[in-house]
Amino acid sequence: MRQTESAQGQHGIFRAGRTVTQSASAGSRSNRPMNDAPLEFASPRLTQWDPEHTGDQAAREKLRPALFAQYGDLANLRYDYPLVLVDSDDEQSFVQSLSSIFDGILQKIAPPGASGEQLRRDMLRLETGIRMRALGGVEGLLSVLWRLTETDLITACEDAEKDRLEHDLDRARDLLGSDGPLDGHVIDCTEATPVRLLVHGWEQVQAAKAKAFRKKVEGLILSLSDILKADFMKSDKASRPEALQVAIGDASATDFDFDAMSAVLAKGPHENLLSEDRRRRIGATLMVLNSQRFFAPGRASADSSERDAPFDFVFDNCAEALDAFRDRLPQMVDLIKAITIAELEIVNRYRVSQHEAFFAHFDESELGEDELALFPSYLVCLRDGHSGASETVQAFEAIASGLPVKVLIQTDDILGDPTPEPPRASFGGGSTRLAAMAVGVNDAFVLQAASSDLYRLRDTVRDGLAYDGPALFSIFSGATPTISGVPSYLVAAAAKESRAFPTFTYNPAAGPDRVSRFRIGDNPQSDRDWPEHTLSFEDQDQQRVVEQVAFTHADFAICDARYAKHRIPVASSQWHDSIVPVDEHVQLSAEQRGEKAAYVWTIDADNALRKTVVDDKLLRGARRCLKVWQGLQEIGGINDPYVSRILAEERATWEREKETELEALREELDREAPQAGLAKPAIAEPVAPAASDEAPPTVEAAPASDAEQVAPADPDAAYIETPRCTTCNECTQINNKMFIYNEDMQAEIADPDAGSFRQLVEAAEICQVSIIHPGKPRNPDEPGLDELMERAAPFN
Amino acid sequence: MSAPLTECLLRTIDEHYSLQDYQSDISPRWCTGCGDNGILTAVQRLCRDEQLPPEKTVFVSGIGCSSRLPHYMNAYGFHGLHGRALPVAEGIKMRRPDLHVFVSTGDGDCCSIGAAHWIHAIRYNMNMTVLLHDNQVYGLTKKQASPTSPRGLKSNTTPSGTWLDPINPLTTSLGVANVSFIAQAVDWIPELLYDIIEQAYRHKGFSLVRILQRCPEFLPTLFDPWVRNPASTRLLVHEDGIQLSAALSKTYRNQEVHDPGNIHRAREVSSLTEEIPVGILYRDDDVPCYEDLREGERPNTPGLVRTVLDEEFDKFTIWPEEQPTDAAN
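First to last, the protein sequences are chains L and D. If you read the first sequence in our numbering, its first letter stands for residue 1, the second for the next number, and so on. If you read the second sequence in our numbering, its first letter stands for residue 1, the second for the next number, and so on.
Just so you know, the hints here were simulated from the structure itself, not pulled from any lab data. In this text, a Cβ means the ideal position worked out from N, Cα and C, and glycines have one as well.
Derived DSBU-like pairs (lysine-lysine); straight-line CA-CA distance at most 35 Å:
#1 LYS216(L) <-> LYS56(D)
#2 LYS267(L) <-> LYS56(D)
#3 LYS737(L) <-> LYS142(D)
#4 LYS56(D) <-> LYS337(L)
#5 LYS209(L) <-> LYS204(D)
#6 LYS237(L) <-> LYS56(D)
#7 LYS56(D) <-> LYS215(L)
Covered stretches of chain L, as calculated for chain D (at least 3 residues, CB under 8 Å):
#8 214 to 228
#9 367 to 377
#10 724 to 730
#11 735 to 747
Required output: the full structure, derived from the provided sequences and hints.
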């Protein structure tokens, strides 16, 4: 796929990267954040065509993938790095990119259009200056680097501009974290990045957990203390002279006669005092809550000077982390027990008969996921080449244990040595497979990613750190010692781009099945074998050529000095049809390959473009990488052969059925002559629209059900419409044996013979809601019945 | 963050409160026939049906006949100052948000001396259930005109009849910012009285139920036109509001489908004079509660109070090394 054109093209393996000049001009057209500007290059830098030169050995070692040509100067690109490890209570934003921070500030202070252009350019110079310092290895707080860079810019600018520049940058600095102080260490993409970012994120997650824990436990302590305090205040001790003196305080001790005060104060009723057992139980619970060491005391905690130091939860090997967990298990049990007892005591639901035996046998078997989630997780930071190879086994033991252990495995070298021997004291080539293997644990959170993607995956990182169970973070730093002259960020990005270290996530909390838990969509063009990009260059005739090229594992591997002998640049005079791109070559069968060679596009130190033939070792690596990637695609639901097979079968079945139906219809048509004037099936009229608001809808009253009819079967019997009773006491005061209240405190006739017919009539007359129906007299000898029946008539 | 273990253990405790568990040892001293009796019964039924632990339930009142209700409940109670039931209840809710807070207030207590607290309590929208017993007269002090007394009512303080139109607690409440639940009930339809109080209790926020109640002693015939003629009572029904039983629906045929989310219609219905609207007039579940807005990051423990006070005092402390030296003097 090759074409020649004169128009400008574009390409890029970094989605967020763009030149500084372009960003500023995009910002001038609109006031949107610079990172949202369209990716286009105002002045594409074309690589030079050098058809004959194949270079010597030194030049060969400096060969880089052709797609790197646009990214030779990272300082002048806006991309995710440097990062700011934000010191904030908000665990949601534990890391921000420098560019996003500047974008946020510009959105607030730079007016759209030309009037804000100067400010945008000044801020861009400031951002570039800070980025250059970070790339140069300078680290520090953002506020410090801002000040240093601002001073440099003001010093370097013309006198007439100094005041304006200082004013603008000061105004911008005031907005740094206008929603709260925003500061933190600025870090670039280096070998230290994975550990620093993970540890910082872990600390933020633990800080949030500690905050919630302290709020809960301090609340429990307060409530338990209130119970003891209320009990004390009810006791005689509270009104004793010494207690009164303590209550008043030493400062006024001489102003009062506490003996006299004690004598005049009323003594407590001595009712409902706590039992000695309960007081002791609450005291013991308070002691456990106050002395816990899993979280440091907070502002609301009692005096912490007597406390033991809190536990440490960060380790450099899994064995120590697991040992620490086991050693602390008894204290975890005691704490959970204390919390549970406290919660029961506070709601007054501790039942000695039920709970005493339960808590007597309370042990670690009672700790479920919810209980473990209250405690900090354990963070273990391992590094390929530095941690012992046995740590791989320990790490898997930790992850498979289901305990809240977060394991970071940092890998600096994913290619490994070309020799086939297994590496010593290193996870070696296996490091790229660790994460995929950990997915099989099923309840462990797994993230594999390159350092270049850590900012984009910050939410995923946070999810993993906050996940209640175990988690494995397999991070490729990009700081491969044998790849020289290429920034770690580029190496890490290329590893992901080439599928050598693809990004994937397995989050057990994301859903019930693997489809929802496993994600590979963070990879570029994840539905393809290799991502394809546009390579544009200038040919011998100074014409621009645009070609679609795949970025393969071989493109990534040629950067490594150890693989220099496995590739060789080829002069264009030696090109022929048997030299095919690597992505095509790896698709060929062994027979098809025949004498065909494979090449990748490369550039040398002078940006001269050439085809570089790779040998079978690199091709084998590419094929193996592709197989692994296709396996991940399959797990992620892309090109799933099972699904494809079922779909094909279903489609074939459906087509057969339809064909059968069609055939039957055709036969029917052939048999019967067409008939005109067939009646169409009746179609229901559309539902009328709802009534307008002006006329509020009314409701047709529903008939009362039989069950709700309260009239008795005997028409002469007295009865009350009990559901309508307003509990006014009128009838019960007339005769509380004849009229009683039911369980809902509504009146009913308990015994019509418990009183006279006169009382029934009087109750009916006095009832304000007229719900008493006297019926007919039960005693024919009762005096004055005629008159009473006349009075009762309106109520029957 | 409640430990599931505790929840499991709580579920094993088989305790059931009967209606009698909410009845105090003191028998109600309201007049026979007083609507307060029915309100008390409805509240006790609610407590039983919701199984509210008496020690986790508080009834707060001001002064008046209605404000005697806490005495008759076997729960915590606070019989406060005239017109000050709401600020007391707000203080309780602020300090102990775990408690179920009910307020029993009257038309004089709430709409006259306590009117300022009433308005702002609506605005604060703290999670509590307020029962406004509105008998349209001061009964405890033997018949004086209240803010809701009908124009022309002759009483001890208005022997020639009142000169002003009464205040309408419903329209007034519906005009206050952050209003989240307004309903009206009448004591002579106990079924609806219970249903409305139940919905008020379940609403998270400030739930105001105006209950028209009869005073058999001083205004015995005031509500007769409505008590004796069901057609003059308009029942507001809705799938998100009150739904009637078949028996009640047969008796009270004057019904309107009213969406409690429609505040404009709620204001119109509340302004009816010939008919009494009964039901949920307005409900907005999205209004935030003040106690939630002001919930601190940490409980106010003695340790925190001491820490904060020390920090504040330290701002004004003159440390020895900062004291001027003799040489400087």
